[in-house]
Amino acid sequence: MKKIIKALPRLILATVSCAGGNLLYAYSDNLSGYNITHIAEDNITHSIYAGTDQGLFVSSGGMKNWTLKTTADGLQGNKILDIATNGSDVYVIDQDADGIRYADVSHDQGQSWTVLSDEYSGLYKNVEYDNGKLYLMAALDNASSSFLPTGYISESQDGGKSWKDLNFPVDTVKEDSLSVSSNNLCFVDWWTNFLYVSVDDGQTWSYDGIYDSSGGRPHLNSVVCDAKDNVAIVATDKGTNVRSLDFHSAGPMNMTGADTEIVKKSIEDPFGENWAVTDDGLYIGTGAVLGNLNYQDYASEESALPSRMINDVYANNEIALAATDNGLSSLMKVFKFKAKDTVNNINFTLLPAYQDTAYTDQGFYPEMLSNNAFQDGVFSFSLAEIWNLSTQNATNFVNDVGVGAMFGLTTSASSPDKLYFYLEGTLEINGSKVSEAIYLAQGDSAFNWWVGVPNSVMQNGILSVHTEDGKEYCIQGYGSEKNEVTIGSCQDGGGDSGTELKDNTVRIYPGGGVSSVSYQMEGFEVSDGQPYSSSLKEDEYTSDGYLKITFSAGRHKTDKVADDYRGAVGDHSSYGRNTSADYPGSLNFYIYGPLTINGSPVTEDVYLAQGSNDSGNNWWFGSKNAWQDSGDFMWVKTADGHQYCISNGNEDDYTFMVSDKCPSNDTTPHMAEIDIDLGDAIYSVEFKMDLGNTVVSSGQPHADLLSRYTLKDNGSDDNQLQMVFNAGHHESDSVADKFNSGDIAAINTFSDNNDYTKPGELYYYFYGDLIINGSPVVNKVMFAEESLSFHYDSNTAFGMYSSSGSCKRDAWWVGSEGAENADGNDKLELYTANHQCYVLEAYDMDDGTCSDAEYHDHDHKFKLYGCYA
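If you want this note's numbering, it's the 1-based position in the sequence shown plus 202.
In short, the hints are calculated from the structure, not lab data.
The structure presented is a predicted model; accordingly, all values stated were derived computationally and were not measured.
Don't take every hint at face value.
[Said to hold, decoys possible] DSS-like, lysine-lysine: derived pairs with alpha carbons at most 25 Å apart:
1. 1065 <-> 890
2. 538 <-> 620
3. 960 <-> 982
4. 739 <-> 750
5. 1063 <-> 1029
6. 635 <-> 673
7. 762 <-> 538
8. 704 <-> 542
9. 863 <-> 750
10. 960 <-> 940
11. 982 <-> 1063
12. 1065 <-> 960
13. 542 <-> 863
[What the hints assert, rightly or not] Derived DEER-like restraints, expressed as beta-carbon distance ranges:
14. 892 <-> 666: 47 to 53 Å
15. 393 <-> 235: 33 to 39 Å
16. 946 <-> 752: 40 to 46 Å
17. 580 <-> 659: 42 to 48 Å
18. 1020 <-> 843: 40 to 46 Å
Every residue gets a Cβ at the ideal spot worked out from N, C-alpha and C, and that includes glycine.
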């Protein structure tokens, strides 16, 4: 059955990834050899108009069948300076060989031309059409001329039959300076270098200067007036600047980390994407709403248009076009098949029915596939954006593929509800065709793609297909990419003779401000000849609060794996354990996939890689949009806009901590355990930590919740409450002062010294409700840790002031307001809300040295029992 792919609006801009240049598009060229100065499309008739210095090109059939219109067709000049459209009506500002500017109009989609207005012939600069009104701007080139005493803006509400002059405050403006949006008029003055705004259709005007990030006054080139978001977006020679139309707020917008980019022109499309034309290429940014600017994330499109000077850009909800000095370029979709492990060649071809499909309802006739080639391990192809979102497309796709034989990229849905289009083609892997046709489609979940193969097996998001030569291959999504899949072997790799499959574990710890982390492996690369498992052996939380990830593979490092890793994440988007390098030089392997923090995924896939150095194996954490912080830490951003610090997660070389703040330099969190044995008269115990109220020494890393909290049977008559907390070990008296404030009584795990009743310095303390036999202690109970220097005689008890030897060990404190010390200071009496009394006692340290097993067994333990037991 021949399937017709319907032409439809091109919702292309919303799918450009601006926060890292992860482009989903290529460009298709037209009018090569011409310097295209201006570009416009009429969104009613879908005619496209391309202005040059040799005339106006008109196409009423999409991107083909261009006709050049010149003075022979009624234009007064061949150099096109501005274009506006309204249905079949086209308005242009053109210039003749003597530099005289005119305003002309066509009422038949550019086929024939007449004079639009001649009142200010020779001085026209701009033409704009908005909400049924036509605007013409006329002004001087510079202030030295006295030919015209002032500039003019004329308005027509009948298509140019009659005109009225609006109030106009200056006499010098630039071409492309005027912008109109719902009775809001904006322009920039060439001479005074001010931004002018009228919010009442030109009756009154306000003006102000524009300032860059350093407080200087950049030169202003053009402006976009945006009534929807109440802003003016100004293109300057130092980046892009936004001002509210009432001039109350301002802010510079940087171009990819620099504010020195010369922006010639800015536009905003209906999706809030901001396009900036510069001498170095085309940039795209998001976020037009003042107060929520995301302009620092402009992504350069320069790589998609190499060696081109871009003069203009046009974008609406159907099409995006770039006018360059070598033709007109239109955005096209890109889809990629990425080869891995045993796959060394991929090819995809459309079935003939799709190649012959005609696109008629919108008037565009694109090539179905272009730029299709297998290079550097990736087969990619481009496809013009002209389709319509519909439930019928999705129904046909599901019927043709079959339920359970498809998957969608970056979605958990089992089938699509709506699709823009779908294609049917032939997939070849290593020179052999897949037995069934492959279907590719674009859905409405953030413009993601779907992949389906009839009669295939789909499990855990992986599609298993067979080629005609009897081989089996697996197709699966490539991390968080919406338009890329990987094709590789479905079997685990056995490895060369003499290699060994080993379990390799990396841990991620949720630190301060982080309540949950999760990771999903989407792919991997292992050094050639090494064995591997194609799935994770472990991906789960451990009892001490870590996310433990275990990947089984051989350990042999190669430069190629490291080079591929760096190619994926960049040279300065990695954080390595046990190394001062910015990136690895060689690696055993890497895995990649989405890391989700507090329910929101990191914007790009997270790569976890293992290498080695003189001290053993070490791990790397990398992500494309991550950035290093002074070499000691790294930051990542999640899709919900939050930023998180990646730092040391413990003393070992295979743990990373994720937190909302970076710790002080050279600090490392430590796992610390405190146990409470349950004695006589204790039937139940529970501790509810007050989240977010941990007190730590300044700059130290810490968690906001317990890493482990378990009530376990310790093998005797007593049960035991175990709690583990993760924080940096740097003492300060300020933490101790807060712990000691109020009417507090406390004991520590070295309570034999009755004189030491309160800590002088502490690493940290946390607190909450200790509930004993169902009733809470009347005041919060605090648990704190410090380091104490102890002196001992080899045959006598520990004490603070003995002199035969010394050691330094960590000790725990427990304290509470309203509690009482008993038996000197060895015990702490606690009272619950139901008026019961309980004793918390530290284990005695009667003899031995710091290395004794008793010390290690008792330095973090207390015993809880009834006062009268």
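Hint consistency between residue 982 and residue 1063 [alpha-carbon to alpha-carbon, up to 25 Å] = holds, 19 Å
Determine whether the Cβ-Cβ distance between residue 393 and residue 235 falls within the hinted range of 33 to 39 Å.
-> holds, 37 Å
Holds or violated: residue 960 to residue 982, with C-alpha atoms at most 25 Å apart = holds, 17 Å
Holds or violated: 40 to 46 Å for the Cβ distance of residue 1020 and residue 843?
-> Check passed, 44 Å falls within 40 to 46 Å.
Restraint status (C-alpha distance of residue 863 to residue 750 at most 25 Å) = At roughly 22 Å apart (the allowed maximum being 25 Å), residue 750 and residue 863 satisfy the hint.
Does residue 739 pair with residue 750 here, judged by a C-alpha cut-off of 25 Å?
-> At roughly 10 Å apart (the allowed maximum being 25 Å), residue 750 and residue 739 satisfy the hint.
Range hint 40 to 46 Å (beta carbons of residue 946 and residue 752) holds or violated | Since the Cβ atoms of residue 946 and residue 752 sit about 44 Å apart, the hinted range of 40 to 46 Å holds.
Pair hint outcome, residue 538 versus residue 620 [Cα-Cα no greater than 25 Å] | holds, 22 Å
Can the restraint linking residue 635 and residue 673 be considered satisfied, given a maximum Cα separation of 25 Å?
-> OK: residue 635 and residue 673 at ~10 Å, within 25 Å.
Evaluate the given range 47 to 53 Å for the C-beta pair formed by residue 892 and residue 666.
-> Holds: the Cβ-Cβ distance is about 50 Å, inside 47 to 53 Å.
Residue 542 and residue 863: Cα distance at most 25 Å?
-> Roughly 37 Å separates the two Cα atoms, so the pair is violated.
Regarding the pair residue 1065 and residue 960, is the alpha-carbon distance no greater than 25 Å?
-> Between residue 1065 and residue 960 the Cα gap is close to 19 Å, so the pair holds against 25 Å.
Of the numbered hints listed earlier, those contradicted by the structure are 13 and 17.
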